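2 protein chains.
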Amino acid sequence: MSQMDYTKAKDWIIREKEFHAKFLGKCEAIMCLGNGYMGMRSSTEEKYTAEKRDLLIAGTFNKFDENEVTELPNGADVAAMDIMIDGEEFSLNSGTVKSYERELNIKTGELCRKVLWVSPKGAEVEFQFKRFISMKQLHVIGQKVVIKPIGSDIFVKILTGINGRMTNNGSQHFSEGDKRLYDKTYMQYTQTTSQSNITFVFTSGVKLMDEREGEAGFHSRIIMERRTIETEFQGTVKKGEALVIEKLTDVRTTRDRENEGKPLKEICEESLLSAKELYKAGYESLVRESAKAWEEKVWNKVPVKIDSEDELDQLAIRFAQYHLYVMTPAHDNRMNIGAKGLSGEGYKGHTFWDTDIFALPYFTFTDPDIAKKLVEYRYLSLPGAHEKAKENGFLGAQFPWESAWLDDGEVTPVWGAADIFTGLPTKIWSGFIEQHITSDVVYGIWQYYMVTGDEEFMERCGYEVIMDTAKFWITRLEPGDDGQYHINDVVGPDEYKERVNDNAFTNYMAHWNVEKAVEYHNELKKNKPALFERLNEKLELDQIYPLWMERKDAIYLPKPREEDHLIAQDAEYLSLKQVDLTKYKNQKQVGSMFLDYNLEQVNKIQVSKQADIMILFLLMEDLFSLEVKQANWDYYEPRTLHDSSLSLSTHCILANDMGQEEMAYELFQRARAIDMGENMKSSDEGIHAASLAGIWQSSVFGFGGVRMLNGTLRINPALPKKWSKLEFILNWQGQRLRICVTKGSFSIVNETGTKVISFEHGTKIYQLDKKIEIIFE
Amino acid sequence: MSQMDYTKAKDWIIREKEFHAKFLGKCEAIMCLGNGYMGMRSSTEEKYTAEKRDLLIAGTFNKFDENEVTELPNGADVAAMDIMIDGEEFSLNSGTVKSYERELNIKTGELCRKVLWVSPKGAEVEFQFKRFISMKQLHVIGQKVVIKPIGSDIFVKILTGINGRMTNNGSQHFSEGDKRLYDKTYMQYTQTTSQSNITFVFTSGVKLMDEREGEAGFHSRIIMERRTIETEFQGTVKKGEALVIEKLTDVRTTRDRENEGKPLKEICEESLLSAKELYKAGYESLVRESAKAWEEKVWNKVPVKIDSEDELDQLAIRFAQYHLYVMTPAHDNRMNIGAKGLSGEGYKGHTFWDTDIFALPYFTFTDPDIAKKLVEYRYLSLPGAHEKAKENGFLGAQFPWESAWLDDGEVTPVWGAADIFTGLPTKIWSGFIEQHITSDVVYGIWQYYMVTGDEEFMERCGYEVIMDTAKFWITRLEPGDDGQYHINDVVGPDEYKERVNDNAFTNYMAHWNVEKAVEYHNELKKNKPALFERLNEKLELDQIYPLWMERKDAIYLPKPREEDHLIAQDAEYLSLKQVDLTKYKNQKQVGSMFLDYNLEQVNKIQVSKQADIMILFLLMEDLFSLEVKQANWDYYEPRTLHDSSLSLSTHCILANDMGQEEMAYELFQRARAIDMGENMKSSDEGIHAASLAGIWQSSVFGFGGVRMLNGTLRINPALPKKWSKLEFILNWQGQRLRICVTKGSFSIVNETGTKVISFEHGTKIYQLDKKIEIIFE
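Residue numbers (my numbering), protein chains in the order written: chain V, 6 to 782; chain Z, 6 to 782.
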């Protein structure tokens, strides 16, 4: 596994055993630190040309100019430290690296790098770099560096501070604000986004000590330049002794809920006060309290245990969970999860269906308080959805394909990579016509409701979204010559088929969305008349209801063909040209087909980027027979390149459903490799949020066989050969269930025990009071 | 001389003999390429963390936001090339550098770097990198790279294109425009400044050949990302053969005069057409035509020859001339010279008195067509000067301390570096109260007039500026209790004395400015009544004239004290505290005093940054006796830290005037070292424009003894010991004079010979028809 090393999987360690300056992106992203409030790529203290430093704070979107779309701006960098040893720059590209390792401990959230380095002039020095972002205190970044000369005394010079020169690939989102030094120790820097007018406040205190926490006796001087405030320290470290540097930073913004309406001066004072307290507390005590928070909030709350012959399986699911908490702004329902989390600038921090269909279910089934924030975000972003529907000439709410701040509406960029033939940028159609997002949002909300039973949310938000979106769909439909309603000119989940008619997934989901609206409409009218009246007034339900009833059953839903059970992914797919895809199925890097074809050509070939019919099978499981599923799998999978990281987990779960255990496990392993694998360029733009959630889904929905089917919990586990045990937590209707699956049996314990839970296994319904053990083989 | 090597001075070669990644800035700046239209720092093809890439195009000022001042934006980079040899990145920080040299040939303007490099894996490769910016075609950047494997075949991958991610220390001035690939060869990129709305168009064609200019047979592919368009080439180069890469780029902007009002599409087409022609012509033919233009426009036109025991003296003056032509926008009178030329972001491309008092005289005395553009710029920027005067409650024209685009007015930033005690940024007073700039501009114009006799310019522009500025000065004066008029609360040339009263230089120059206005007022009224009437109407001279007459002789002009001949630099200076300055006089880096004192404290000490009384002696030479000069020199020089690069040349000339030949030559050498010297950090922000011009002034005004005194040419040469000959060109009243000074004699030849020239030598006046030879020892 080349540079990456997972031999310490048992110790929860993601390890890099060698350093290569050209592959910085991988560990910057997969070792990213964060707490949902902010995420920081794990760029090294010293600088390299290929580095991509990023500090992203959830929800702080800014639009650089009219030609660009809004994105999470790259905040000032505090992580960098220029270190000079006897006048020579510390860099792993020079001198000799005698030993190297970098470890992310996903249990504690601490990053640690150890280097034994000999400078070009021959000074041998041991370095230790530690870093964390606090899970306990959302605003805190901690760093510690220990420098130990081995052979001789060394003269050390360190330059570190706050650097506001960072950009998003050249786009500068900030105006420079104030720079201040307080008490000759605390550097403060403010920067304000150019369009959204959000001010970031950074306060860093740097402490230099000897090994015994005594004064290091270094000379320091402050340097302010354009967009930077830095302190330079210099002094001698004696052979055998050590220099210990602690840098503790407080970061906060005017977007923080608690800062709404607060004068900036006050926020700056609070930040300074916090920095002073951090300085007093010290690195070790702060990292301990953060690790404790990780334990309480994550590992004790949502333990997932896998006994596998391959220890990476256990590590992979914890890795996935780690990143889910790093990326998810659990503290604020005005924010959501970005497709690359907070680990890179890819997809600009925007929220896609990746949340509703991939990440949300994790929280819905395990940590519903967080799930609630995510569905509330969708409710709060209705204004943008109204605007989008209106712009397109429809009623109701059409959710944006890419979503950012609540009222931003559609934020998908319009132009993408170069066309290999014309040399022109390619148009991105998703923002215009990838419309299934609207029913995906509704599906996520409905699933949340079914799993949690959160009636309060539904009354305040959920029902409204379901009906508002059904208004959109019903006006979106196009009457055909066949007397049915069609949805033409869309992009389905498979983005290698643009501008298609009657995409099966889109049509089925739209139909389901309207069905749900009608169902709740009738139920509320009958059982909750006051709520119904409020919604009726707001949404004019009396006017739209007849249209729902008139059209919904006339929505064209492509049925399995009699001769071969195939469902047409869209109106054209099955009649498109077929080409030999072997080369691309065996690709090492996704998207290899575009080296030979442009998108226009790919559109006309029977080839899919990702699950399309398959994701329909997963979400609408009970609509299709196993026979139909199998036939379509056999047809579509060989035509699917899995070029989207969303593809593998869906296929893994379905393979399980069809009893193809070996295939399922192979797909699980491939999904696991998307970020953790050997490909050192895989994660340059950031980790794959949906894919990581997919690892949990593959385990719990796939091998654990857990599903919510029309409000019923179903558990049909089937462990892969290599696994002897899978234990996980489910949160169902407010009850914490602990499920332990072994080969041929499983137990389920209701740890809350305040409600009897019914669930389905095989063809039977069980009533769970405290504990049930089921043997199925 | 550490990294720099001047052993090939005779061949006009500035040479770097060793590479150190931490000292990139020096050669980026001193080896900067350009043609007055644009300047490009000589950053290497491969990237390093400490690099500062800059492509600056004269006059394209943009203001990033309200908190920043307008500056020359850092345009897209075309120079970078990522080169991979057998999968390893070419970088001088890795592998083994078996030989290295980089040479700027200032005669041809071509930069050449040769490296023999062994990759970490052991591939031995010879690299040659050549580059120029055409002196013939203003829009052309040429690059050539030759890659020769020595030991074995190599697989080469090259990524190069146009990179619009560049910023000015984090400030992004451009919106991304269109990216296009034409004919699978020509990459085109446009970018538009955010506030001034100037579009830059780049078109690059890249040609890969074998040694015999045959097809290299490399595979290429286009990559467009955010703000970048690049082509990746890959293929094998056989041992003993060579890969030759030529990249020829056309750069133009909507600010170019010829593009005014032209649709962008047309400009893009013209750029593409040009790129195609460049591609056809090829690197070698283009660099030849550029070298020829250097010869014609510079070296044959303004030859300066120094026969010195130290060959660096000759090289230094050519180096100065080289940079004067690289930095000066001779093509467009709407632009002027920046304090760092076009070689770096320091001082933001702004024009200071450095032009009028330091650089302009070079052109005035040697290349008056260019000088005319520079003085026209001042005339054209009168609107900003009016605005500034008005804002401050004065009449007439008050020139901005820092000047950018014509109507920008004052563009001096308000905040500077950190105060070492308070941690707060220090206020920069220059923009508010460094008022002598206004009379410096007038002095430059008057000198231009006296030397060239350009009556056309004076009638169109010059007289107006002189009178308009005199309006400012006369209303600026403050009546004192002593019945005299004072100029209080200013910064004089010595910026270590802020907010002083009656700065001698300021007062004398203001008085002179008004005197000149009165003189020309009377002359025009009498001899050119039509012109006078036009000016009278425009400037309301009839109203201001009585004020001039009433106040001008009451302007307080500090006289030499009887007891010691000292002139007080300002009202307070001579009574300020005196401290031991030895430490700072012996400093290796300028500004060392600020490690111990803040500016407020420095203000209260008898210490000067630069010439103040001395520059007054230089400009107003005949007002003061040699005795007075000597006394003041003896007093002030020991108190002057020469922390401004403007200081040394002035002192050098004065030392000469006072017959202190040894001191003069020492100062000349120190001035020479400002950019060319051992200090590898000296020029990071860019070369020192005024100091470079000062090298010419030191030679011609200093050792050559040339001066314009009230319209008379005076020549009193005195060569330093080491010099046996100094030969230079002067342009006087439209006549090209060749002056050749040797020890004890000089000859002067009128090469134009259409006018008899009178000049002064010693106490005599000579009339020059064709040639005069004078022996003075």
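Don't read these hints as lab results, they were simulated from the structure.
One thing to keep in mind: the hints can contain errors.
Since the list can't tell identical chains apart, any single copy or any two copies may satisfy a pair.
Claimed, not checked - Dumping the calculated SDA-like pairs for lysine to any residue here, alpha-carbon to alpha-carbon at most 25 Å:
1. LYS52 - THR768
2. LYS270 - ASN72
3. LYS126 - PHE24
4. LYS52 - THR747
5. LYS112 - VAL419
6. LYS27 - LEU97
7. LYS103 - TYR53
8. LYS730 - SER313
9. LYS126 - GLU106
10. LYS306 - PRO534
11. LYS775 - ALA247
12. LYS57 - GLU230
13. LYS27 - PHE223
14. LYS378 - GLU73
15. LYS588 - PHE238
16. LYS212 - ASP424
17. LYS588 - ALA636
18. LYS776 - GLU73
19. LYS395 - ARG712
20. LYS57 - ASP569
21. LYS119 - ARG719
22. LYS521 - ARG719
23. LYS162 - GLN583
Source: prediction; values computed, not measured.
Here's how the hints hold up against the structure:
no.: 1; hint: LYS52 - THR768; verdict: neither (60 Å within a copy, 65 Å between copies)
no.: 2; hint: LYS270 - ASN72; verdict: between (33 Å within a copy, 18 Å between copies)
no.: 3; hint: LYS126 - PHE24; verdict: both (21 Å within a copy, 16 Å between copies)
no.: 4; hint: LYS52 - THR747; verdict: neither (48 Å within a copy, 55 Å between copies)
no.: 5; hint: LYS112 - VAL419; verdict: neither (40 Å within a copy, 49 Å between copies)
no.: 6; hint: LYS27 - LEU97; verdict: both (12 Å within a copy, 15 Å between copies)
no.: 7; hint: LYS103 - TYR53; verdict: both (19 Å within a copy, 23 Å between copies)
no.: 8; hint: LYS730 - SER313; verdict: within (7 Å within a copy, 89 Å between copies)
no.: 9; hint: LYS126 - GLU106; verdict: both (23 Å within a copy, 22 Å between copies)
no.: 10; hint: LYS306 - PRO534; verdict: neither (39 Å within a copy, 95 Å between copies)
no.: 11; hint: LYS775 - ALA247; verdict: neither (56 Å within a copy, 78 Å between copies)
no.: 12; hint: LYS57 - GLU230; verdict: both (22 Å within a copy, 15 Å between copies)
no.: 13; hint: LYS27 - PHE223; verdict: between (34 Å within a copy, 23 Å between copies)
no.: 14; hint: LYS378 - GLU73; verdict: neither (28 Å within a copy, 39 Å between copies)
no.: 15; hint: LYS588 - PHE238; verdict: between (56 Å within a copy, 22 Å between copies)
no.: 16; hint: LYS212 - ASP424; verdict: between (52 Å within a copy, 21 Å between copies)
no.: 17; hint: LYS588 - ALA636; verdict: within (24 Å within a copy, 88 Å between copies)
no.: 18; hint: LYS776 - GLU73; verdict: neither (55 Å within a copy, 68 Å between copies)
no.: 19; hint: LYS395 - ARG712; verdict: neither (36 Å within a copy, 77 Å between copies)
no.: 20; hint: LYS57 - ASP569; verdict: neither (50 Å within a copy, 64 Å between copies)
no.: 21; hint: LYS119 - ARG719; verdict: neither (47 Å within a copy, 71 Å between copies)
no.: 22; hint: LYS521 - ARG719; verdict: within (21 Å within a copy, 99 Å between copies)
no.: 23; hint: LYS162 - GLN583; verdict: neither (63 Å within a copy, 34 Å between copies)
Hints 1, 4, 5, 10, 11, 14, 18, 19, 20, 21, 23, counting from the list given before, are not met by this structure.
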